[in-house]
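**Q** Kindly generate the complete structure, drawing on both the sequences and the hints.
Quick note, the sequences are listed as chains U, L and X, same order. Position one of the first sequence corresponds to residue 799 (the working numbering), numbered consecutively onward. Position one of the second sequence corresponds to residue 14 (the working numbering), numbered consecutively onward. Position one of the third sequence corresponds to residue 70 (the working numbering), numbered consecutively onward.
In case anyone wonders, no lab produced these hints; they're calculated from the structure. Being a predicted model, the structure only gives us computed values, none of them experimental. Check before you lean on any hint, since a few could be wrong.
[Stated by the list, open to error] Computed cross-link-like contacts, SDA-like style, restricted to lysine to any residue with a CA-CA straight-line distance of at most 25 Å:
1. L:Lys90 to X:Asn177
2. U:Lys1378 to U:Tyr1419
3. L:Lys55 to X:Leu292
4. X:Lys181 to L:Thr30
5. L:Lys116 to X:Val135
6. L:Lys90 to X:Glu108
7. U:Lys1084 to U:Thr1168
8. L:Lys116 to X:Ile296
9. U:Lys1378 to X:Arg97
10. L:Lys32 to X:Met274
11. L:Lys32 to X:Arg178
12. L:Lys86 to X:Arg97
13. L:Lys116 to U:Val1123
14. L:Lys90 to U:Met999
15. L:Lys90 to X:Arg97
16. L:Lys32 to X:Arg188
17. L:Lys55 to X:Phe156
18. L:Lys90 to L:Val105
19. L:Lys116 to U:Met1111
20. L:Lys116 to U:Thr1122
21. X:Lys261 to U:Leu1426
22. X:Lys181 to L:Trp36
23. L:Lys32 to L:Val64
24. L:Lys116 to X:Glu134
25. L:Lys116 to U:Gly1117
26. L:Lys90 to U:Met1111
[As the list claims (entries may be wrong)] Some, not all, of what chain U presents toward chain X, calculated at C-beta under 10 Å:
27. Leu917
28. Gly981
29. Thr1023
30. Ala1025
31. Phe1035
32. Leu1422
Quick reminder that beta carbons are idealized off the backbone N, C-alpha and C, glycines included.
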Amino acid sequence: MATTVAPPTFAPAASSPSYAGDKTGVWSWITTTDHKRIGVLYLFTSLFFFIFGGLEAAVIRAQLAAPNQSLVSAELYNQLFTMHGTTMVFLAIMPLSAAFFNFLIPLQIGARDVAFPRLNAFSYWVYLFGGIFITLPIFAGIAPNGGWFGYAPITTMQYNPGLNIDFWVLGLQILGISSLAAGFNFITTVINLRAPGMHLMRMPMFTWMSFVVQFLVVLAFPVITVALVFLQFDRFFGTNFYTLTAGADPLLWQHLFWIFGHPEVYILILPAFGLVSEVLPTFSRKPLFGYAVMVYSGILIGFLGFGVWAHHMFSVGMGPIADTVFSLTTMLIAIPTGVKIFNWMSTMWGGKLQFTTAMCFSIGLVAMFTIGGLSGVTHASPPTDLQQTDTYYVVAHFHYVLFGGSIMGIFAGIYHYFPKIFGRLMNETLGKWHFWINMIGMNLTFGPMHLSGLLGMPRRIYTYDANQGWDLFNMMSSVGTAIIILSTLIFIYNFFASLRNGPRAGRDPWGASTLEWSIPSPPPEYNFAVLPNVTSRYPLWDVTDGHDLSREHHEGHENRDDRVPTAKELGIPMPMNTFKPVMAALGLCIMIGGMTLKHVNFYAFFAVVSGGGLTLVISLYAWLTSPLEEAH
Amino acid sequence: MAHDTAAHDDAHAHHPTAKTYLWTALFLTIVTIVEISAYYIKPWEQSAIYVPSMIFMSAVKFAVVCAVYMHLKYDNKLFRNLFVGPLVIAIVTCVGLLFLFGKVAIRISSGQ
Amino acid sequence: MSATAVEPTAGAHDAHAHHHTSTGLDSRKIAIWAFIGSECMLFVSLISTYLIYKGKSRVGPYPHEVWTDPSTGHTFGAILNIPVTSFSTFVLLMSSLAMVLAHNAVVNRRVKRTTFMQRLEGNSFFWLISTAVLGIVFLMCQAYEFTSFVHEGLGLTTNLFSSSFFVLTGFHGAHVTAGVLWLCTLAAIDKKRGLREDEGLVVDMCALYWHFVDVVWIAIFVLLYLIK
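**A** The structure is reproduced here in structure tokens:
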């Protein structure tokens, strides 16, 4: 380690390395169009929601720790598990990935920003407002209560007349718009803003996996949009999409939801796969094993992801042909996923391993995701699935892939990229404590759920009777949750302490190989003073010319006193700060969120919705008719 | 922008002229007229080929508009991929749904 | 890395310049195509739902069949009005032609035009406004169709057919409305200062969207109206 980590140069204690030169203050963050700042905003917001969703889970586990408890009512319990799922999927893991998309994709492909910086700001603000909109109701006890997949018809007016589901339907519509806008933005960025020589097959694996994810987003979200529009129309205007008495099919929602929902699973996991594919080669000091196969298997996972949705529905009785087809496609998807696991192991094989915290979390992902993947294969088979469906076995499965997979990968990413994002290193000792306690807590929480599930404990029950063989396992899960909370507290302390006092990181504290490590930490607002010319997959390890990119940068474009020149000094046009995307996002969220008033007061509904719509349209026109960059 | 515009001019050099657009419109109109007439011609409308023929004709119209009016035939291949990829996934999903809901079925005749 | 492309600060040529692009294409055009790809899934979900619910309504009126209300004895004819929709389909088709001619006019500003027909061909404002007007005519046909349905007793909530029909065609109508607004904005800019030849992309984006809305209608027309 010591040889690669830049010697810490101790900065004045108060100042963290700041972003974008002279622009500071709250207003500069609100109006920012810098992808790095937006990435940081995403990171903080989604970490907040991650903790919030974790606390919801903590209440759930406290309630279930022992039989026949009454810490929360059945109704509040419904709201808690619904919001735990919704928060973790839409407000924590997806935006945590988005934080890395924002921060890393332009840096990894050698670009100065994303293709549409203002659209990027819009995506963030829509996410923030939508997140607040969908989260607040729980404090009034009227949070969504239909489960994160909100099966209709149980979510229709007939069975769920309160405002609860309205918040969910409208909140998800808002969040969907955020994801779609970001999706178009990043697809364009990756296609069009690669540095010279950055061929598709030279792109870092994180960028590749993110690229695949953007396609999943733009193809999956329209389907949930439509399903939600149907539900919204049913609830607001009395249409019949999910009205069984009118002849509606109760499976319509399930099919539409899972056509979205299964690609969504890959939307959650592929960015984490990408992150560990950056970490593992770095700390194995070896190129990623089977780069091309990794790319193809990522694409194949994305593509097959659209053909497996009905495996969530084996228990509804689709008939032997449909069951067989979806069972086969589901088992097929295990192949590219398994290929990735073996490639990671082969990357480490024979490498000079350095067990940094990021590396530990990456290895943790490989191991934990494999367990979750294997239990996934067990319910690819309809007969076994019929035994497991709607039990805690399924809960165990998807927590192993989402917590053991996505969250571990994201933690790996945070420890790995913290120095790049904030210019300081995180504390490795605390990091190790975080990792090991987290690892123990996670397995203690979700491991026993396999058993309680196989013993027949159903999901989503707010309490249970004693002596059904589940008591011990539930207690273990609850203790495990407490341990996870402890590890997360260590992480939070480490995060903020390192933010203030961590040793300064150089450009490339880990000796990593990709372009983002060739520029200062944190990067200047323009990222690259000179667009790099890429000649290999590992430009910083590529020493064929006798010197690497980072040195080139250092010698050519920086002053001796290590001051990074501003964009103005270099004559690089940067997008201006603007308030318009924020206004557009606010208008959009008021317009959609205001629809909840329909059931309260029609005039208020009309006024708020049209006011929001007007704000949106005016801001959009102002935005689209004003230039991105200053004229010069 | 300099090389952007150049790329554009280059692309436009291959773009069709107003005449091509007019002929295309005429072709689309004729196909539409055939479609609507088929609806009123009872023997055709009630025959087994009615639905396939209608889907075929609309698919042809769809493809012609995409190829000529949306310039997919002349433009960079990237755009074609960006459109056709999602379109294929969309159509396969639609067909899959219709199978699942029993709207279409493959009948294997038990050869007697 | 002697060849480090000393690409002097891309964008120095033009305020609108999008930095260095790896494909040489404009980012906005890639984005609009990605958007159209995404819209495919949106409309396919809507169309699939319509087809899934076809023939599943418990009560009429029905799109293609006669239905007698058992409680009142009132008989409803097949509700879909093929002649009117054929006309609006034709109108939308012609709007696509006008749209493509508008784009053609903007990107061929340099062409010398002398005769009336040539000047008409080069009149981008005329073609933009024509497209918008044809779009409005289409919307008026749809408004007529909707009101006459409601008049005949087929409201949004009447049965499965009406719900899926109104939401699907309503979504399409909303897309047409957005397109008309876009076209009117372009026409206003064209009137005010004239769209320049290098702004062809601005028209092209609108055109791609407009044609896409048209091809969706091509599918809807056959699947909803002509196939019983």
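**Q** Hint by hint, say whether it matches the structure.
**A** Here's how the hints hold up against the structure:
1. Distance hint between Lys90 (chain L) and Asn177 (chain X) is fulfilled; the C-alpha atoms sit about 23 Å from each other, no more than 25 Å.
2. Simply put, Lys1378 (chain U) and Tyr1419 (chain U) have alpha-carbon atoms about 9 Å apart, close enough for the 25 Å limit, and the pair holds.
3. Between the alpha carbons of Lys55 (chain L) and Leu292 (chain X) the distance comes to roughly 18 Å, so the proposed pair stays at or under 25 Å and holds.
4. At roughly 15 Å between alpha-carbon atoms, Lys181 (chain X) and Thr30 (chain L) fall within 25 Å of each other, so this suggested pair holds.
5. Distance check on the hinted pair: Lys116 (chain L) and Val135 (chain X) sit about 22 Å apart at the alpha-carbon level, within 25 Å; holds.
6. In summary, the hint linking Lys90 (chain L) to Glu108 (chain X) is supported, as the alpha carbons are separated by about 20 Å, within the 25 Å threshold.
7. For the hint pairing Lys1084 (chain U) with Thr1168 (chain U), the CA-to-CA distance comes to about 22 Å; that is within 25 Å, so the pair holds.
8. The straight-line distance between the Cα atoms of Lys116 (chain L) and Ile296 (chain X) is roughly 14 Å, inside the 25 Å bound, and the hint therefore holds.
9. For a cut-off of 25 Å, the pair hint linking Lys1378 (chain U) to Arg97 (chain X) stands: about 19 Å separates their Cα positions.
10. Restraint check: the Cα-Cα separation between Lys32 (chain L) and Met274 (chain X) comes to about 22 Å, which is no more than 25 Å; the hinted pair holds.
11. Among the hinted pairs, Lys32 (chain L) with Arg178 (chain X) is consistent with the structure: their alpha-carbon atoms are about 17 Å apart, no more than 25 Å.
12. For a cut-off of 25 Å, the pair hint linking Lys86 (chain L) to Arg97 (chain X) stands: about 19 Å separates their Cα positions.
13. With a CA separation close to 17 Å, the supplied pair Lys116 (chain L) and Val1123 (chain U) stays within the 25 Å bound.
14. The hinted pair formed by Lys90 (chain L) and Met999 (chain U) meets the criterion: a straight-line CA distance of about 18 Å does not exceed 25 Å.
15. Between the alpha carbons of Lys90 (chain L) and Arg97 (chain X) the distance comes to roughly 16 Å, so the proposed pair stays at or under 25 Å and holds.
16. Among the hinted pairs, Lys32 (chain L) with Arg188 (chain X) is consistent with the structure: their alpha-carbon atoms are about 15 Å apart, no more than 25 Å.
17. Of the supplied pair hints, the one linking Lys55 (chain L) and Phe156 (chain X) holds, its CA atoms being roughly 21 Å apart against a limit of 25 Å.
18. Only pairs whose Cα atoms come within 25 Å are accepted, and Lys90 (chain L) paired with Val105 (chain L) is accepted, the gap being roughly 22 Å.
19. In summary, the hint linking Lys116 (chain L) to Met1111 (chain U) is supported, as the alpha carbons are separated by about 19 Å, within the 25 Å threshold.
20. This hinted pair checks out: Lys116 (chain L) and Thr1122 (chain U) have alpha carbons roughly 19 Å apart, not beyond 25 Å.
21. Restraint check: the Cα-Cα separation between Lys261 (chain X) and Leu1426 (chain U) comes to about 22 Å, which is no more than 25 Å; the hinted pair holds.
22. Proposed proximity of Lys181 (chain X) and Trp36 (chain L) is supported: the alpha carbons are some 23 Å apart, at most 25 Å.
23. Of the pairs offered as hints, the one joining Lys32 (chain L) and Val64 (chain L) is violated, with about 33 Å between alpha carbons and a cut-off of 25 Å exceeded.
24. Of the supplied pair hints, the one linking Lys116 (chain L) and Glu134 (chain X) holds, its CA atoms being roughly 18 Å apart against a limit of 25 Å.
25. Distance restraint check for Lys116 (chain L) and Gly1117 (chain U): the Cα-Cα separation of roughly 14 Å lies within the 25 Å cut-off, and the hinted pair is therefore satisfied.
26. For the hint pairing Lys90 (chain L) with Met1111 (chain U), the CA-to-CA distance comes to about 38 Å; that exceeds 25 Å, so the pair is violated.
27. Contact between Leu917 (chain U) and chain X, as hinted, is supported at the beta carbon level, the nearest pair being about 8 Å apart and thus within 10 Å.
28. For Gly981 (chain U), the interface hint holds, the least distance from its beta-carbon to any beta-carbon of chain X being 7 Å, beneath 10 Å.
29. Using the Cβ-Cβ criterion of 10 Å, the hint placing Thr1023 (chain U) at the interface with chain X is satisfied: the shortest such distance is roughly 6 Å.
30. About 7 Å separates the beta-carbon of Ala1025 (chain U) from the nearest beta-carbon of chain X, less than 10 Å, and the hint is met.
31. A cut of 10 Å between beta carbons decides the hint on Phe1035 (chain U): the least distance to chain X is about 6 Å, and the hint holds.
32. The interface hint given for Leu1422 (chain U) is met, as the beta carbon of that residue sits about 9 Å from the closest beta carbon of chain X, less than 10 Å.
When each numbered hint is compared with the structure, violations occur for hints 23 and 26.
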